[in-house]
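If you're matching them up, the sequences are chains A and B in order.
For the first sequence, our numbering gives the first residue as 10, with consecutive numbering after it.
For the second sequence, our numbering gives the first residue as 316, with consecutive numbering after it.
Check each hint, because a few of them may be wrong.
To be verified - Not everything, but these chain A residues come out facing chain B in the computed CB check (under 7 Å):
#1 F48
#2 P49
#3 L53
#4 G117
#5 T121
No lab work stands behind these hints: they were computed from the structure.
We treat Cβ as the ideally placed atom computed from N, Cα and C, and that holds for glycine.
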Amino acid sequence: GAVVSQHPSRVICKSGTSVKIECRSLDFQATTMFWYRQFPKQSLMLMATSNEGSKATYEQGVEKDKFLINHASLTLSTLTVTSAHPEDSSFYICSAVSKGYEQYFGPGTRLTVT
Amino acid sequence: DAKTTQPPSMDCAEGRAANLPCNHSTISGNEYVYWYRQIHSQGPQYIIHGLKNNETNEMASLIITEDRKSSTLILPHATLRDTAVYYCIVRNLGNTGKLIFGQGTTLQVKP
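This is chain B alone, in the form it adopts within the complex (with noise of 0.2 Å):
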């Protein structure tokens, strides 16, 4: 089973910023936290990861809580092609650590 808790749904404004909150209570110390979205119809694309420190690439930031047990994904100015299911999963870095994917937040951007 996942081990992530993420909301069903999300709209937002195109050019505005998206929040996308991911719960992940019972995490373990060797654990990262990962994001994909999947845009209909196509593999899952990497947004980014993080164990503890709070990340930002150029295609989004994550926000990890002190305490590890949630995390939030911040797309800063959502467009219309950020519209995909985001996926929030906790993950081993090892070889086997395997990629059990949720139900997603569907996030609807909205001109």
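Next up, chain A with everything else stripped away, as it sits in the complex (with noise of 0.2 Å):
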């Protein structure tokens, strides 16, 4: 089957700097891929739409100048968390969507801000 990968799958950073998370399709090209968030015992919240091409679109109440997404190829989303504060702690899972509209997704992230 297809395969996402996402690099790091942990990372620890301190307060008040950016942590960029990368996610990858490696056997198909993604024209449209999405970021989720999971925190602890909970399920996993959709963030944002990333376009290869185009602005990200941002689901309600997330703030698209903290969370900066960029999809500059077909292979390729990036996330970065701007400014990390502890409440961002969380597990970060991206999904690709293939040609046949199937939607991939990756190993998650986890980040810690100390």
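Now that you have both chains on their own, put them together as the hints suggest.
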């Protein structure tokens, strides 16, 4: 099946710094990718839709200036958490949509802000 | 908001069939029923999807009622590795068809 990777798998950063998370579709092209966030013992919450070559669409309540999304190619989307704070500590998951409209998920990135 | 309702948790004995129910009474004609599962600290894994006919693959079977207002995911011979949170989601198949996750059902397979 289609493979989506994320890098890094885990990251620890200090409060006030920025961290970038990469999402790659390894064996297919994805014009659309999605970013989710998941807090402990909770479900996945959709943050934004990332479209190749255009601006991301953010869900209500998600700060676009804090969570910068770039989808510069058909196989790569990045999420940058700017000026991270401890409350941004979470599990961030991306998914990529194939030509057949199926969504494939990455393994997730565990962000800890100290 | 999620458009599905699932029981929060279920237990199943190893080797037995696990039947996970889902209600989606407001599903529209162009929406599919998707099932994903998430094993602890991993990304969701696709299981199966269907529109109105019953579906079967190597992982599971999906039974959709005739009025499409509910469905059941069947894992025919549950193993300990099937312990996970199972999500039932309704979705348009188009490129912008977002997956909105509800709380899912935590399935605990016991020896």
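Against the structure, the hints come out as follows:
no.	hint	result
1	F48	13 Å, violated
2	P49	10 Å, violated
3	L53	4 Å, holds
4	G117	5 Å, holds
5	T121	13 Å, violated
Comparing the model with each numbered hint stated earlier shows that hints 1, 2, 5 do not hold.
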